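Colleague: Chain by chain, the residues:
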Amino acid sequence: MDAEVRRLEEELQADLQKANTAEDIEALRVKYLGRKAVINQLFAKVPSLSGEEKGKWGKNLNLLKNKITSAIEEKIKGLGSAEDKIDLSFPAKKFDKGSTHIVSVVSQEICSVFEKLGFTVVEGTEIENEWHNFSALNIPLDHPSRDAFDTFYLDIPQKNAQNGKFLLRSHTSPSQARVMNIIKPPLAVVSPGRVYRPDQVDASHSFMFHQVEGFAISEDINFAQLKGVLLNFVRLFFAPDTDLRFRPHFFPFTEPSAEVDISCFICKGKKEKCSLCKGKGWIEILGCGMIHPKVLKNCNIDPKKYRGFAFGMGVERPAMLKYGINDIRLFYENDVKFLEQF
Amino acid sequence: MRFSLNFLKEFLKVDIKTDKLVSLLTMAGLEVEHFEAVGSDWVFDVEITSNRYDWLSILGIAREAAASLGKEIEVKYPKVTKTPLLKTRTIKIESLKDCPTYVARVIRGIKVSPSDTTLKERVVNCNINAINNVVDITNYCMLKWGNPLHAFDEDKIEGDIYIRRARQGEKFIGIDEKERELCPENLVIADDKKVIALAGVMGAKNTEVTESTKHILLEAAIFSPIVVRHSRRAAGLDTDSSYRFERQVFAGYLEYASSEAANLILEKCKGAFYGYAFSGKAILIKDKNLTLKLKELNEYLGIEVPKSKVKGILSSLGFKVKESGKGALSISIPAFRLDVNELVDIYEEISRIYGYDKIEPQIPQIARPLAKNEIYDFKNKIRNYLVQLGLKEIITYSMESDEALKALGYDNVIKIVNPLRKQENALRPTLLLGMIEAITYNLNRMRQGMRFFELANVYGRDKDGFCESPALSIGVAEEEGGFFYVKGALLELLKNSNITEFSFEEKSLVSFTNALELFINNKYAGFIGKLDNETADKFNLKKDLFFAQLDVNILQSESKFKVYSPISQYPAIWRDISIALHKNKKFSDVLKVINEKKEFISDYQIVDTYKGKDLPEDFAAFSLRIFYQSAERTLLSEEVDKIHNDIRKRLEQTEGIKLR
Chain A
340 MDAEVRRLEE ELQADLQKAN TAEDIEALRV KYLGRKAVIN QLFAKVPSLS
390 GEEKGKWGKN LNLLKNKITS AIEEKIKGLG SAEDKIDLSF PAKKFDKGST
440 HIVSVVSQEI CSVFEKLGFT VVEGTEIENE WHNFSALNIP LDHPSRDAFD
490 TFYLDIPQKN AQNGKFLLRS HTSPSQARVM NIIKPPLAVV SPGRVYRPDQ
540 VDASHSFMFH QVEGFAISED INFAQLKGVL LNFVRLFFAP DTDLRFRPHF
590 FPFTEPSAEV DISCFICKGK KEKCSLCKGK GWIEILGCGM IHPKVLKNCN
640 IDPKKYRGFA FGMGVERPAM LKYGINDIRL FYENDVKFLE QF
Chain B
1041 MRFSLNFLKE FLKVDIKTDK LVSLLTMAGL EVEHFEAVGS DWVFDVEITS
1091 NRYDWLSILG IAREAAASLG KEIEVKYPKV TKTPLLKTRT IKIESLKDCP
1141 TYVARVIRGI KVSPSDTTLK ERVVNCNINA INNVVDITNY CMLKWGNPLH
1191 AFDEDKIEGD IYIRRARQGE KFIGIDEKER ELCPENLVIA DDKKVIALAG
1241 VMGAKNTEVT ESTKHILLEA AIFSPIVVRH SRRAAGLDTD SSYRFERQVF
1291 AGYLEYASSE AANLILEKCK GAFYGYAFSG KAILIKDKNL TLKLKELNEY
1341 LGIEVPKSKV KGILSSLGFK VKESGKGALS ISIPAFRLDV NELVDIYEEI
1391 SRIYGYDKIE PQIPQIARPL AKNEIYDFKN KIRNYLVQLG LKEIITYSME
1441 SDEALKALGY DNVIKIVNPL RKQENALRPT LLLGMIEAIT YNLNRMRQGM
1491 RFFELANVYG RDKDGFCESP ALSIGVAEEE GGFFYVKGAL LELLKNSNIT
1541 EFSFEEKSLV SFTNALELFI NNKYAGFIGK LDNETADKFN LKKDLFFAQL
1591 DVNILQSESK FKVYSPISQY PAIWRDISIA LHKNKKFSDV LKVINEKKEF
1641 ISDYQIVDTY KGKDLPEDFA AFSLRIFYQS AERTLLSEEV DKIHNDIRKR
1691 LEQTEGIKLR
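Sequence lines, in order, name chains A and B. Taking the working numbering, the leading residue of the first sequence gets 340, the next gets one more, and so forth. Taking the working numbering, the leading residue of the second sequence gets 1041, the next gets one more, and so forth.
Keep in mind the hints are simulated off the structure, nothing from the lab. Predicted, not measured: the structure shown is a model, and the values here were computed from it. Just to be clear, a hint being listed does not mean it is correct.
Unchecked claim - Where chain A lies over chain B, by a calculated footprint (3+ residues, C-beta under 8 Å):
1. 1151-1162
2. 1347-1354
3. 1428-1434
What the hints assert, rightly or not - Below, in silico cross-link-like pairs of lysine-lysine (PhoX-like), each with a Cα-Cα straight-line distance of 25 Å or less:
4. A:K643 x B:K1578
5. A:K643 x B:K1335
6. A:K617 x A:K644
7. B:K1421 x A:K436
8. A:K644 x B:K1057
9. B:K1057 x A:K612
10. B:K1310 x B:K1196
11. B:K1333 x A:K636
12. A:K633 x B:K1421
Backbone N, C-alpha and C define an ideal beta-carbon position, used for all residues, glycine too.
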């Protein structure tokens, strides 16, 4: 009996050494602890032993059984789990998710920065007339300044001479005239939406694109506040360390007027061959200024009492800058591979 | 426009590095887009804003550079000769509105030859071809003063000179040797027999100054900006001359430009001054006066500009400034600044030279928020909700071709008078075509996941002339789900807006099969349908398209605030019924019978559908699972059985419904 037990122990040690998988251990368990296991055959011999021997072997065999059990358990723990091991390098699940168009994302983002400062969103209409799109904004008929605002005209019969022909708005600025005619200052409004210009489509032009117009009017609005509001915007929209530069420019509806450049957020103005700013260190992003007194007057607001500022920016351009999109046509092709990235 | 540093130095001593000058000019509003060294000179490409006609001259740019450098320019005015008067020809202006002033100087016995190096360099470095000494001198003087000039070969002018509108169909061959047919929109310079120039735009070939020219007539004039604009557009031309006239030229420098050109021709081409002619209104130059209050200036800008700075900036720009009481300045605006009329214009002059970068940012107190823009917020809400449902937002063009719209049954669409392309010549009254285009684009690229929606305006005509209203479209291609996917999305959307009073009605719609119209509170709110095969073929769509379009205004006005509905703490019990339905009956008929009594029914769902041989002819089968639940207690199995059996009985008694 002694010899048999010793042999069993030696065999177990050897088998434990070889067992490396859950399957091996299971086989081990069946071999040593299963119904037909050797140890059970040994137990079967105990009743036929003499009195003293009976007690001794009963106890020894039980100890041995516990030893085998714990050795196997130990081995299982060492392997991690008794469950099937899986190939973790397999591809992950793909989700069929919805997505907001990046133009909507950016437009909402722009508006919400200004909403936090107390601006209200008011959308204008896309079908406009010459008065609101041009004349009210101090853009005279037959003036070279209109060249910058080439426009699609519509075949809707004209109603009155002052409003002129119907057209698709070429910028969101007519919202200024629309709002000022209805709501009296103080006011602060942002107005997002689609605009249209007859530009041949290429990587950076589209006959339809999006803009956000913003303006504020009160008795004490000033040029420095315009700068503060826009600095706040570029820092929240682009990066907290973005710098801003006002460069004098001309817009018929503002005076003084400025074009606004932001410091290049890629090279921080330090790289000579920056792909974004071409080494200038600055990127032009929007136009702004103090609302021209003539515009206030055209909208029935007394320019002696009130002052205002206004700014206008594209949506596609900041989106392209911020997300590194290199072709404006991508926005309107609606390729699923493009849409699902945002 | 392009200008050169050496030319600038004729008016101003520049003693700073070129890149410093570039940045000063840019930050004063004269944006330098590009600059480079050319020989011993530097050339600059600048963007001239449409208000600054005066920057279309070296003199104007020099004045700007001087102000930025804190210096003053030095101008040498030429000797102006007005005698003897020209007796051989008369100048006849048809309308002083078209041409207020016309001046001619005749020089005889000249020798035309190539220009000397300096003169050539001046014009070439400003991007104008060197032709011969006479033409180069006229261009040099135009560049210098901003007033375009033109020299005619005097021998080729027959009779008097007329400034008149062209006759319809009159022929004109310009010095570019192209023949153009004119119309009364064109203002021309003509002699007794022919057109000799397109006024303010281009001279004619027939009187061009060449190497053989002996006598010249030098023209300097003021033409109406609008007339020149229309004329050059009608002729399809855009020249250095028309560019300046369109933006207005300053009459005050007319005689200087003309006299300097005449003097230079006499000096460089020899010959003798023969005569001077003037026609039109006498040139009156008057400065405008304004009073500026420093307090108002500083309030407007939000900074404190010292009075001495204000005075210094304005004088360097050519304004005359006098103290006028405490904190006030009397300002005389120089006549050459046609763009400066109001105090705000002066504020801009001061602030841009003082430096926009010296303005410290402030944050305004926005006093009163307006009422919320409900439609904007609502659109954002449904956009976000549809994205949560797994749909992708698309943006497509607002314009389509009127022919494609006609094929969908839309006849009276708003058309674009000046479309860019035929594909986009009308405003769309439906979002369907944009959806088809987006789906087709993706199908052609073997993409998946075409579950799209778009939020955009649709346009149409109505009794007020036109209407524009926000719409929502949902479209899925066959593999991404079908009709019931779209219907499900709609129902989720209605639920999310807490719209409970709605109904669907089957309808036959143009271009659609299997269409339902949606009514909310009996108001038409949109439709769902499968695009019919004929229409799909027409637009080359290779898969079935399930499409819905809704009126966002109706959705928004009918939407209600969400209210929490309590959740039952007691278990639901379900029972299944296997139903065979005759093809003349609908599921809604089954539902109607079940809902006759609504006791404890909390939900239902189809768990199985079946079509097979063991069904009676014209019948289709499905299993319906009905859930019973109470908010107050646990239902007993027996009472559920009783209700359920009652439903079974009612269904059994209905014609066209068989229980299995």
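Colleague: Just to be careful, I want the Cα atoms of A:K644 and B:K1057 compared with a cutoff of 25 Å; is the pair within it?
Modeller: 45 Å, violated
Colleague: Can you confirm whether the C-alpha distance between A:K643 and B:K1335 stays at or below 25 Å?
Modeller: Holds, at roughly 14 Å.
Colleague: Count the residues of the segment 1151-1162 of chain B whose Cβ falls closer than 8 Å to any Cβ of chain A, and tell me whether that reaches three.
Modeller: violated (count 0)
Colleague: For a C-alpha distance cap of 25 Å, please report whether B:K1310 and B:K1196 respect it.
Modeller: 20 Å, holds
Colleague: Examine the segment 1347-1354 of chain B for residues whose CB is less than 8 Å from any CB of chain A, and state whether their number is three or more.
Modeller: violated (count 0)
Colleague: Taking only the CA atoms, is the gap from A:K633 to B:K1421 under or equal to 25 Å?
Modeller: Judged against 25 Å, a Cα distance of about 38 Å means the pair is violated.
Colleague: Would you check the hint for A:K643 and B:K1578, treating anything up to 25 Å between C-alpha atoms as holding?
Modeller: It is violated: about 61 Å lies between the C-alpha atoms, which goes past 25 Å.
Colleague: CA of B:K1057 to CA of A:K612, is that 25 Å or under?
Modeller: It holds: about 22 Å lies between the C-alpha atoms, which stays within 25 Å.
Colleague: Establish whether the coverage given for the segment 1428-1434 of chain B by chain A is satisfied; the threshold is a Cβ-Cβ distance below 8 Å, and no fewer than three residues must meet it.
Modeller: holds (count 7)
Colleague: For the pair supplied as a hint, A:K617 and A:K644, confirm whether the alpha-carbon distance does not exceed 25 Å.
Modeller: 44 Å, violated
Colleague: Holds or violated: are the alpha carbons of B:K1333 and A:K636 at most 25 Å from each other?
Modeller: Since the Cα atoms of B:K1333 and A:K636 sit roughly 21 Å apart, the hinted pair holds (cutoff 25 Å).
Colleague: CA of B:K1421 to CA of A:K436, is that 25 Å or under?
Modeller: 17 Å, holds
The structure shown violates the earlier hints numbered 1, 2, 4, 6, 8, 12.
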